[in-house]
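Colleague: Put chain B on the given structure of chain A with help from the hints.
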Amino acid sequence: MNIKEKIIEKVLALCALITILTTVGIIGVLLVEAVGFFREVSIIDFLTGTEWTPLFADKNYGILPLVSGTLLTTFIAIGVALPVGLTIAIYLNEYAPKRFKKVLKPLLEVLAVVPTVVYGFFALMIVTPFLKLFITDLSGFNALSPGIVMGIMIIPFVSSLSEDALAAVPDSLRQASYGMGSTRFQTAFRVMVPAASSGIMVSIILALSRAIGETMIVAIAAGQTPVFTFDPTVPIETITAYIVKVSSGDVPQGTVAYQTIFAAGITLFVVTFILNNISFWIKNRYQEKYE
Amino acid sequence: MGIIASISGIVVLAIFIGFVIYMGIQRLSWDFIVQLPSRFAEESGIYTAWMGTVWIMVFTTLISFPLGVGAGIYLEEYARQNRWSMFLEINISNLASVPSIIYGLLGLGVFVRMMQMGNSILAGALTLSLLILPIIIVSTREAIKAVPSSIRDASNALGASKWQTIWHQILPASFGGILTGVILALSRAIGETAPLIVVGALVYVPFAPQNPLDEFTVLPVQIYNWVSRPQEEFIINAAAAIIVLLGITFIMNGIAVYLRNKWQSKMEW
Numbered sequence: 051m052n053i054k055e056k057i058i059e060k061v062l063a064l065c066a067l068i069t070i071l072t073t074v075g076i077i078g079v080l081l082v083e084a085v086g087f088f089r090e091v092s093i094i095d096f097l098t099g100t101e102w103t104p105l106f107a108d109k110n111y112g113i114l115p116l117v118s119g120t121l122l123t124t125f126i127a128i129g130v131a132l133p134v135g136l137t138i139a140i141y142l143n144e145y146a147p148k149r150f151k152k153v154l155k156p157l158l159e160v161l162a163v164v165p166t167v168v169y170g171f172f173a174l175m176i177v178t179p180f181l182k183l184f185i186t187d188l189s190g191f192n193a194l195s196p197g198i199v200m201g202i203m204i205i206p207f208v209s210s211l212s213e214d215a216l217a218a219v220p221d222s223l224r225q226a227s228y229g230m231g232s233t234r235f236q237t238a239f240r241v242m243v244p245a246a247s248s249g250i251m252v253s254i255i256l257a258l259s260r261a262i263g264e265t266m267i268v269a270i271a272a273g274q275t276p277v278f279t280f281d282p283t284v285p286i287e288t289i290t291a292y293i294v295k296v297s298s299g300d301v302p303q304g305t306v307a308y309q310t311i312f313a314a315g316i317t318l319f320v321v322t323f324i325l326n327n328i329s330f331w332i333k334n335r336y337q338e339k340y341e
Numbered sequence: 376m377g378i379i380a381s382i383s384g385i386v387v388l389a390i391f392i393g394f395v396i397y398m399g400i401q402r403l404s405w406d407f408i409v410q411l412p413s414r415f416a417e418e419s420g421i422y423t424a425w426m427g428t429v430w431i432m433v434f435t436t437l438i439s440f441p442l443g444v445g446a447g448i449y450l451e452e453y454a455r456q457n458r459w460s461m462f463l464e465i466n467i468s469n470l471a472s473v474p475s476i477i478y479g480l481l482g483l484g485v486f487v488r489m490m491q492m493g494n495s496i497l498a499g500a501l502t503l504s505l506l507i508l509p510i511i512i513v514s515t516r517e518a519i520k521a522v523p524s525s526i527r528d529a530s531n532a533l534g535a536s537k538w539q540t541i542w543h544q545i546l547p548a549s550f551g552g553i554l555t556g557v558i559l560a561l562s563r564a565i566g567e568t569a570p571l572i573v574v575g576a577l578v579y580v581p582f583a584p585q586n587p588l589d590e591f592t593v594l595p596v597q598i599y600n601w602v603s604r605p606q607e608e609f610i611i612n613a614a615a616a617i618i619v620l621l622g623i624t625f626i627m628n629g630i631a632v633y634l635r636n637k638w639q640s641k642m643e644w
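First to last, the sequence lines map onto chains A and B. Under the working numbering, the first residue of the first sequence carries the number 51, and numbering increases by one thereafter. Under the working numbering, the first residue of the second sequence carries the number 376, and numbering increases by one thereafter.
Residues from chain A shown here face chain B by an in silico Cβ test under 10 Å; the list is partial:
#1 V61
#2 C65
#3 T69
#4 Y141
#5 L158
#6 L161
#7 V163
#8 R260
#9 T265
#10 T322
#11 F323
#12 N326
#13 S329
Think about it this way: if two alpha-carbon atoms lie no more than 25 Å apart in a straight line, the pair counts; the simulated SDA-like pairs of lysine to any residue are:
#14 K333(A) to V513(B)
#15 K148(A) to F239(A)
#16 K637(B) to A548(B)
#17 K333(A) to N457(B)
#18 K54(A) to L546(B)
Rough simulated footprint, nothing fancy, chain A against chain B, three-plus residues with beta-carbon under 8 Å:
#19 376 to 388
#20 477 to 490
#21 498 to 511
#22 536 to 545
#23 617 to 624
Keep in mind the hints are simulated off the structure, nothing from the lab. Since this is a predicted model, take the numbers as computed values, not measurements. C-beta atoms are modelled at their ideal positions from N, C-alpha and C, and glycine is treated no differently.
The shape of chain A in the complex, shown without the other chains (with noise of 0.2 Å):
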């Protein structure tokens, strides 16, 4: 008995080790294929390169396109999400009749479960459509409008993250804005806001992590052309949107072109496990000051 006791745990504890193999997969693959890049390509002239051409028979490593590409869909995305979440948080929280509150909860997240491939529908065939109507020269392809439905999908993100910490934020902070004579604006934005300030930075630079990892929806409306711009209305590329069209097609392995696939990866996993980290690192401070 003892011993089938012993040997359960040791399955369940195999279990939980495979999250830690899958975090050692993930960098291990990463870092083989992007070792075997960066003896082909200096890390310099990847990290500051403005032409991005491993496919073409002139052929160039710089990443920056790529990075101008995810880094202007993301902003607008956030420029989007960020407002409306906020808003959606604050009203929640302070506003909201309960029972309101309780129906438009789960109708948020619905936003949230739409798939991105749907998402990515929506922005090449209705939003950049519409947006034409009054951007005339807008590209067919173009920043704006995937950015828009980015922002779109992850209000809920940004509404939730910022609610809790809204909700964390102790009630007699609230009590003592009103006995001050605050109203009750005042005390939401130069109380409650303020107080919850930390809570609500997770919560965008998790929505920033989020909207850098976007794939589908960039695949589909931001169009296939790495150049070096920030200009919202002309086709671009984003890392993601580079690496789904690498793997659409049929890169032999071993190839410099196949490895740049995970060369652009391994900036991705960079840029998001540290963006991660900050929110791990502030929520950490955050809990502490009101326990």
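Modeller: Just chain B, lined up with the frame of chain A:
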């Protein structure tokens, strides 16, 4: 202001979905469901795509369910509070926010190339399993945490071993919560596109897969494939396939929410 912001996203999404239904409903028919893909949009169906999705989901469930629940039980019931378990926890929340396309690269490097599974269903299902594992682990732990300690104490007092307590008391009591988490995780997996493209799912698949080592395509990848074409007819096909995919996703989430509500009212001991 607050109300407008709160419902704006939902209203926009409703308009989007209305548009897709308006566009795709004309193509949606029994033939569309049972036909093989074709060069001609009007003759193309989603048979291979949804069969691939079914295969992938069956194997993803078989792999991720036991692993995720096992890991969740271990972390909640066995792991001691030390550096090691803290490391495990941080690692899991880190994995949860790794972009899905990175899992695709992992699958490509390890399952497709190193283990030589090729662009197979098995490689795809393993990749998706690793992707949703953190979600299952976290929801398993939360479901177990919600079981009142009186149940555990009573079982221990009756002389049950640790595993007997878990198997006969804790798991049945938390099963509703665990199931909710698993269904939510699977509904996420069913819509995943990027990692499957990276492990090689975009190949044109003329027939439905017969075994787990066959090549495959899935609904979202088929949609991507059709959206990327310039012809209007293929876009209509994509819209029709989106209606099917959204239908499946919403039904799965509906079941999960229903289970969660049922389980939560039961859990008020």
